[in-house]
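Based on the hints, put chain B with the ligand in the right spot on chain A.
Sequence order for the protein chains is A and B. Heads up: the first sequence runs through residues 1 to 371, numbered per the working numbering. Heads up: the second sequence runs through residues 1 to 94, numbered per the working numbering.
Please keep in mind that the hints were generated in silico from the structure rather than gathered at the bench. Ideal Cβ placement from N, Cα and C applies to all residues, glycine included. Wrong hints could be hidden among the right ones.
[Claimed, not checked] Straight-line C-alpha distance at most 20 Å; calculated EDC-like pairs for lysine to aspartate or glutamate:
| no. | chain 1 | residue 1 | chain 2 | residue 2 |
| --- | --- | --- | --- | --- |
| 1 | A | Lys18 | A | Asp52 |
| 2 | A | Lys43 | A | Glu338 |
| 3 | A | Lys18 | A | Glu55 |
| 4 | B | Lys61 | A | Asp317 |
| 5 | A | Lys131 | A | Asp120 |
| 6 | A | Lys265 | A | Glu203 |
| 7 | A | Lys106 | A | Asp120 |
| 8 | B | Lys64 | A | Glu244 |
| 9 | B | Lys61 | A | Glu254 |
| 10 | B | Lys61 | A | Glu244 |
| 11 | B | Lys64 | A | Glu221 |
| 12 | A | Lys106 | A | Asp73 |
| 13 | B | Lys64 | B | Asp39 |
| 14 | A | Lys131 | A | Glu203 |
| 15 | A | Lys299 | A | Asp73 |
| 16 | B | Lys64 | A | Glu55 |
| 17 | A | Lys265 | A | Asp160 |
[As the list claims (entries may be wrong)] What follows is a list of derived Cβ distance ranges for each label pair:
| no. | chain 1 | residue 1 | chain 2 | residue 2 | range |
| --- | --- | --- | --- | --- | --- |
| 18 | A | Glu338 | B | Gly44 | 41 to 49 Å |
| 19 | B | Arg30 | A | Gly127 | 13 to 21 Å |
| 20 | A | Thr279 | B | Val43 | 45 to 53 Å |
| 21 | A | Arg185 | B | Asp11 | 34 to 42 Å |
| 22 | B | Arg29 | A | Pro10 | 25 to 33 Å |
| 23 | B | Gly27 | A | Val270 | 24 to 32 Å |
| 24 | A | Glu237 | B | Arg29 | 39 to 47 Å |
| 25 | A | Gly127 | B | Asp11 | 37 to 45 Å |
[What the hints assert, rightly or not] Okay, the calculated bits of chain B under chain A, using three or more residues with CB under 8 Å as the criterion:
| no. | stretch |
| --- | --- |
| 26 | 10-22 |
| 27 | 49-61 |
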Amino acid sequence: MKYLSEYRDPEMARGLVKRILDTSTRRWTLMEVCGGQTHTIVKQGINEVLSDAIEMIHGPGCPVCVTPLEQIDRALHLATRDDVIFTSFGDMLRVPGSECDLLSVKARGGNVRVVYSPLDAVELARGNPDKEVVFFAVGFETTAPANAMAVWRAHELGVDNFSVLVSHVTVPPAMVAILEDPENRVQGFLAAGHVCTVMGWDEYEPLADRYHVPIVVTGFEPLDILEGIWMAVRQLEEGRHEVENQYVRSVRREGNRPAQDLVSKVFRVVDRGWRGIGTIPGSGLGLSPEFAAYDAEIKFGLEHIHAEEPAECRAGDVLKGRLKPYECPAFGGRCTPESPLGAPMVSTEGACAAYYNFGRVQAGAAAGANS
Amino acid sequence: MCLGIPGRILDRRDDAGLPVGTVDFGGVRREVCLAYVADEVEVGDYVVVHVGFAISKVDEKEAKRTFEVLREMSQLEELEWMADLADAAERVQP
Ligand code: SF4
Chain A
1 MKYLSEYRDP
11 EMARGLVKRI
21 LDTSTRRWTL
31 MEVCGGQTHT
41 IVKQGINEVL
51 SDAIEMIHGP
61 GCPVCVTPLE
71 QIDRALHLAT
81 RDDVIFTSFG
91 DMLRVPGSEC
101 DLLSVKARGG
111 NVRVVYSPLD
121 AVELARGNPD
131 KEVVFFAVGF
141 ETTAPANAMA
151 VWRAHELGVD
161 NFSVLVSHVT
171 VPPAMVAILE
181 DPENRVQGFL
191 AAGHVCTVMG
201 WDEYEPLADR
211 YHVPIVVTGF
221 EPLDILEGIW
231 MAVRQLEEGR
241 HEVENQYVRS
251 VRREGNRPAQ
261 DLVSKVFRVV
271 DRGWRGIGTI
281 PGSGLGLSPE
291 FAAYDAEIKF
301 GLEHIHAEEP
311 AECRAGDVLK
321 GRLKPYECPA
331 FGGRCTPESP
341 LGAPMVSTEG
351 ACAAYYNFGR
361 VQAGAAAGAN
371 S
Chain B
1 MCLGIPGRIL
11 DRRDDAGLPV
21 GTVDFGGVRR
31 EVCLAYVADE
41 VEVGDYVVVH
51 VGFAISKVDE
61 KEAKRTFEVL
71 REMSQLEELE
81 WMADLADAAE
91 RVQP
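With the rest of the complex left out, here is chain A:
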């Protein structure tokens, strides 16, 4: 019961847990796509209390974790230039590149600044006309409208010392890659509520149909996640495979149209590499040709920077659900949040860091490491 003590409403959570356990006639395998949900699931021990009925596989839904090493190296290159102010969301600062991370560049005097909103980076460019301000535009569909607005705004205001290093990824192509994998074990998905707040859920319907998997659009509170799991389990038990919406207070079927419109104006669909997974066709966003002037890769000629990912990190297997983080030989030993080998150990939304921070005891015992 210790895992339930943190719930805002333990009674309600307990009711849902019991319902899920009672409804399951066998053990089902579900994947939550979003790193924010991974964080909650592992922190609250939802995977532990449900483990008789459900195996939760933690999907690739942490944009920090999947940003390719190459893009990190490009960011590091820009951050060391004297004429550049490099801006980023805070959680990208500790992602290890081939040699170091943005935080250590900053410590050595590099002009690296954390922004809360991408519009802050545009303001910084307006206030520093003698510098080039580059923003690290990463994230899923949830972040894309904000990053699109920054580029649009710079364009509207004629701020030409602003550019973006883009590493945007989109969820549905990654789900297809997981489902197409011959070793796939995922039988149902919790889709990320905030991605669907922006995009709606139309694009998930063909997936549910073609691959016979229930997909439940799910929110982020523990009770949301439990209800999402329960809805997915009910579908599996009844032999249905539909898209259902648990997160009705934020998500509408058509999503946020004004946001979609600006995203499709500023960005276009491109192939994108995912750290630990490799290139997934059509799984990313890049700037559309009209906005090429804001593309940092073109502006600073970064195409020549390439990088090989270290073989020791098993992030690919973790992100595909083939390996639990604590089954990675480096977990908790050579790889910790203080000195991470791979991106899933860096972000608090990464599967490896979530297990390290909240699941240390069971994980350590299971891995035979960490007393």
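Quick look at chain B with the ligand alone, frame taken from chain A:
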């Protein structure tokens, strides 16, 4: 980066053509871009905010309804649970 948090709009204004507003997150206040929800929100509404952008208006009716459904579900379970416990307790009595 992925966490969207609901907050309440305290005021709204125009910043060189961009609708913005102050949003209160349980005491912490931030300036938020309202461009993507401009047509549907007023001061006092709750919005889900992600990296400085409101991406949806929180539907209060739906929020309440979901909560009620969850509560009913769990209360029912509580009663059944208590009944089970009472049964079990009876069985162990000599
Ligand atoms: S524990 Fe570290 S090395 Fe292993 S997969 Fe996770 S991030 Fe990579």
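Hint by hint, here is what the structure shows:
1. At roughly 11 Å between alpha-carbon atoms, lysine 18 of chain A and aspartate 52 of chain A fall within 20 Å of each other, so this suggested pair holds.
2. At most 20 Å may separate the alpha-carbon atoms for a hinted pair to count; lysine 43 of chain A and glutamate 338 of chain A meet this at roughly 19 Å.
3. Between the alpha carbons of lysine 18 of chain A and glutamate 55 of chain A the distance comes to roughly 16 Å, so the proposed pair stays at or under 20 Å and holds.
4. Between lysine 61 of chain B and aspartate 317 of chain A, the direct Cα distance comes to roughly 42 Å. Violation of the 20 Å bound is thereby established for this hinted pair.
5. Between lysine 131 of chain A and aspartate 120 of chain A the alpha-carbon distance is near 15 Å, which keeps this suggested pair within the 20 Å criterion.
6. With a C-alpha separation of about 19 Å, the suggested pairing of lysine 265 of chain A with glutamate 203 of chain A holds against the 20 Å cut-off.
7. Distance hint between lysine 106 of chain A and aspartate 120 of chain A is fulfilled; the C-alpha atoms sit about 19 Å from each other, no more than 20 Å.
8. Among the hinted pairs, lysine 64 of chain B with glutamate 244 of chain A is consistent with the structure: their alpha-carbon atoms are about 19 Å apart, no more than 20 Å.
9. At most 20 Å may separate the alpha-carbon atoms for a hinted pair to count; lysine 61 of chain B and glutamate 254 of chain A meet this at roughly 19 Å.
10. With a C-alpha separation of about 19 Å, the suggested pairing of lysine 61 of chain B with glutamate 244 of chain A holds against the 20 Å cut-off.
11. Restraint check for lysine 64 of chain B and glutamate 221 of chain A: satisfied, since their Cα atoms lie roughly 15 Å apart, inside the 20 Å limit.
12. A hinted pair counts as satisfied when its Cα atoms are at most 20 Å apart, and lysine 106 of chain A with aspartate 73 of chain A qualifies at roughly 14 Å.
13. For the suggested pair lysine 64 of chain B and aspartate 39 of chain B, the alpha carbons sit about 23 Å apart, so the restraint of at most 20 Å is broken.
14. For the hint linking lysine 131 of chain A to glutamate 203 of chain A, the alpha-carbon distance of about 41 Å lies beyond 20 Å, and the restraint is violated.
15. At roughly 16 Å between alpha-carbon atoms, lysine 299 of chain A and aspartate 73 of chain A fall within 20 Å of each other, so this suggested pair holds.
16. Proposed proximity of lysine 64 of chain B and glutamate 55 of chain A is contradicted: the alpha carbons are some 30 Å apart, above 20 Å.
17. Between lysine 265 of chain A and aspartate 160 of chain A, the direct Cα distance comes to roughly 19 Å. Compliance with the 20 Å bound is thereby established for this hinted pair.
18. Restraint check, glutamate 338 of chain A to glycine 44 of chain B: a C-beta distance of roughly 44 Å satisfies the suggested window 41 to 49 Å.
19. Checking the proposed 13 to 21 Å range against arginine 30 of chain B and glycine 127 of chain A shows it holds: the Cβ atoms sit about 20 Å from each other.
20. Distance hint check for threonine 279 of chain A and valine 43 of chain B: the Cβ-Cβ separation is about 46 Å, which falls inside the suggested range of 45 to 53 Å.
21. Our hint of 34 to 42 Å for arginine 185 of chain A and aspartate 11 of chain B is violated, since their Cβ atoms are close to 50 Å apart.
22. The hinted window of 25 to 33 Å between arginine 29 of chain B and proline 10 of chain A holds, with their beta carbons roughly 31 Å apart.
23. Take glycine 27 of chain B and valine 270 of chain A: their Cβ atoms lie about 41 Å apart, and the range 24 to 32 Å is violated.
24. One distance hint, 39 to 47 Å for the beta-carbon pair glutamate 237 of chain A and arginine 29 of chain B, holds here, with the actual separation near 46 Å.
25. Separation of glycine 127 of chain A from aspartate 11 of chain B is about 24 Å and departs from the stated range, judged on CB atoms against 37 to 45 Å.
26. Requiring three or more residues with a Cβ within less than 8 Å of a Cβ of chain A, the coverage given for the stretch 10-22 of chain B holds, as 3 such residues are present.
27. Note: the stretch 49-61 of chain B has 9 residues with beta-carbon separation from chain A under 8 Å; the three-residue rule is met and the coverage holds.
The structure fails hints 4, 13, 14, 16, 21, 23, 25 (numbered hints given earlier, in ascending order).
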